[in-house]
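Student: Going down the list, the sequences are from chains U and W. All residue numbers for the first sequence refer to our numbering, where the first residue is 1 and numbers rise by one. All residue numbers for the second sequence refer to our numbering, where the first residue is 1 and numbers rise by one.
Just so you know, these hints were derived from the structure itself, not from any lab. Be careful, since some hints might not be right.
Stated by the list, open to error - One-sided and incomplete, this derived list gives chain U residues near chain W with beta-carbon spacing under 7 Å:
#1 Thr185
#2 Phe188
#3 Ala198
#4 Thr200
#5 Val221
#6 Pro223
#7 Leu226
#8 Thr273
What the hints assert, rightly or not - Think about it this way: if two alpha-carbon atoms lie no more than 20 Å apart in a straight line, the pair counts; the simulated PhoX-like pairs of lysine-lysine are:
#9 W:Lys47 to W:Lys87
#10 W:Lys87 to U:Lys197
#11 U:Lys197 to U:Lys274
#12 U:Lys197 to W:Lys59
#13 W:Lys59 to W:Lys47
#14 U:Lys247 to U:Lys297
Fair warning: this is a prediction, and the values are worked out from it, not measured in the lab. From the three backbone atoms N, C-alpha and C, an ideal C-beta is built for every residue, glycine too.
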Amino acid sequence: MLFSVKTPWRRAGHALGLLALIVMTAMGEQAQAAPQTFNTALPVAQGEFVFREQIVLDQSGDDPSVADRDRTAWALVSVLGYGATPELALFGVVPYVDRTLEVTDGGMRQRRGARGLGDISLFGRYTVFRRDRPGRTLRIAPFVGLKLPTGEDDESDGLGRLPQSVQPGSGSWDAFGGVVVTYQTLAFQIDAQASYKANTEANDFEFGDVARLDGSLQYRVWPRELGAGVPGFLYGVLELNLIHQDKNRIGGSDDPNSGGLSLFILPGLQYVTKRWIIEAGLQIPVLQDLNGTGLEKDYILRAGFRLNF
Amino acid sequence: MRIRLLRASIIAITLGLASATAIAGAHQYRLRVDGLACPFCAYGIEKKFNATKGVKAIKIDINTGTVTVTMEAGGALSEAQARQIVKDSGFTLGSFQTVPGPAGKAGN
Numbered sequence: 001m002l003f004s005v006k007t008p009w010r011r012a013g014h015a016l017g018l019l020a021l022i023v024m025t026a027m028g029e030q031a032q033a034a035p036q037t038f039n040t041a042l043p044v045a046q047g048e049f050v051f052r053e054q055i056v057l058d059q060s061g062d063d064p065s066v067a068d069r070d071r072t073a074w075a076l077v078s079v080l081g082y083g084a085t086p087e088l089a090l091f092g093v094v095p096y097v098d099r100t101l102e103v104t105d106g107g108m109r110q111r112r113g114a115r116g117l118g119d120i121s122l123f124g125r126y127t128v129f130r131r132d133r134p135g136r137t138l139r140i141a142p143f144v145g146l147k148l149p150t151g152e153d154d155e156s157d158g159l160g161r162l163p164q165s166v167q168p169g170s171g172s173w174d175a176f177g178g179v180v181v182t183y184q185t186l187a188f189q190i191d192a193q194a195s196y197k198a199n200t201e202a203n204d205f206e207f208g209d210v211a212r213l214d215g216s217l218q219y220r221v222w223p224r225e226l227g228a229g230v231p232g233f234l235y236g237v238l239e240l241n242l243i244h245q246d247k248n249r250i251g252g253s254d255d256p257n258s259g260g261l262s263l264f265i266l267p268g269l270q271y272v273t274k275r276w277i278i279e280a281g282l283q284i285p286v287l288q289d290l291n292g293t294g295l296e297k298d299y300i301l302r303a304g305f306r307l308n309f
Numbered sequence: 001m002r003i004r005l006l007r008a009s010i011i012a013i014t015l016g017l018a019s020a021t022a023i024a025g026a027h028q029y030r031l032r033v034d035g036l037a038c039p040f041c042a043y044g045i046e047k048k049f050n051a052t053k054g055v056k057a058i059k060i061d062i063n064t065g066t067v068t069v070t071m072e073a074g075g076a077l078s079e080a081q082a083r084q085i086v087k088d089s090g091f092t093l094g095s096f097q098t099v100p101g102p103a104g105k106a107g108n
């Protein structure tokens, strides 16, 4: 049995998502080398824009429960950054999402899902420490931001209201913050980030707060020797993400089948030129210590580009 | 025949003098930019300098962190100006020098 959602909100979400992408593509001027799963402390030049586009396929399955859940989430994530000063950069993140959940209920396979503009995040990052030397830099930059309830959070289909895990938006105002450290040389780049996201309640549902530690190593594998000018760099990328999420709360009570600890590793490649970057990586779960029958991730595929123009 | 030869000589000398004047008038500066370590960041510096009035050309050598700025004839770049542009790009000016030679000119 297949159900799909067709509402004016969904169509409006499509249009808004497309509009956001067009606007961002037109405004994007500059971007920087950075990890694929989190931020960097590298600078955004004053008065300039940073643009990044990433497509993400988040596949979950391996359900320990009889429902045999299978969740597929696509996201097209557009990031626009602006250098307000050499130290302060402001960012906007606009996701366009397509989420489906398959479950077995009463012997029937059901497929439910929704797509549309997701929740927009706005945040600022301020470089509090910078040590520049020939061919290398060390930077420390705290950041703080807010996730807005811009995505539709009340989608429904023939079976009723969709589960929160496939709604394009959460409906909640969620604050987040952290600090990112970057050490970059001509041969390699290391980024590390600690962050916390405090989720709030909406629709009688509250996602658990998220605490993360992220690390990334980018190592220049080509060219081995640098010549004159500005050659393209091919980086081998290795990232680690340690993520802890509290239990969700439904109607004021903890959901015992949610939250837990996960560790991911991402091997990937990134080719960086003066005008553009292409990158891809596969985020694989190394450890998933989830509560109850929490749905485990199979993998997260990421691919994207950045343009200077 | 002599008149033609004389005319050609005058034209050649005039063009030669004009060319030499143009070269002599084109100031060139060599900057060392500290903190520059990736190609994409280099573009931000290039863009900032190219948006600066009087800049004719810019060449970046990422391996040495060197940025060579060539000014239009009669144009000049001060160290303070270069420092500010590099700072606005998010980096630090390590050194600033005027390039001697045909395209450069002593002093700044």
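Student: A separate judgement is required for each hint: does it hold in the structure or not?
Tutor: Hint check:
1. The interface hint given for Thr185 of chain U is met, as the beta carbon of that residue sits about 6 Å from the closest beta carbon of chain W, less than 7 Å.
2. With its C-beta approaching chain W no nearer than about 9 Å, Phe188 of chain U sits outside the 7 Å limit, and its interface hint is violated.
3. A hinted interface residue such as Ala198 of chain U counts as satisfied when its beta carbon comes closer than 7 Å to some beta carbon of chain W; here the least separation is about 30 Å, so the hint is violated.
4. The beta carbon of Thr200 of chain U comes no nearer than 34 Å to any beta carbon in chain W, farther than 7 Å, and the hint placing it at the interface is violated.
5. The interface hint given for Val221 of chain U is broken, as the beta carbon of that residue sits about 14 Å from the closest beta carbon of chain W, more than 7 Å.
6. Checking Pro223 of chain U against chain W by beta carbon gives a least distance of about 10 Å; that is not within 7 Å, so the hint is violated.
7. A cut of 7 Å between beta carbons decides the hint on Leu226 of chain U: the least distance to chain W is about 4 Å, and the hint holds.
8. A least Cβ separation of about 6 Å between Thr273 of chain U and chain W falls short of the 7 Å threshold, and the interface hint therefore holds.
9. Between Lys47 of chain W and Lys87 of chain W the alpha-carbon distance is near 13 Å, which keeps this suggested pair within the 20 Å criterion.
10. Between Lys87 of chain W and Lys197 of chain U the alpha-carbon distance is near 32 Å, which puts this suggested pair outside the 20 Å criterion.
11. Pair hint Lys197 of chain U plus Lys274 of chain U does not hold up; C-alpha atoms about 34 Å apart against a cutoff of 20 Å.
12. Between Lys197 of chain U and Lys59 of chain W the CA atoms are separated by roughly 43 Å; this puts the pair beyond 20 Å, and the hint is violated.
13. Taking the CA atoms of Lys59 of chain W and Lys47 of chain W, the gap is about 11 Å. The hint holds against a cut of 20 Å.
14. For the suggested pair Lys247 of chain U and Lys297 of chain U, the alpha carbons sit about 17 Å apart, so the restraint of at most 20 Å is met.
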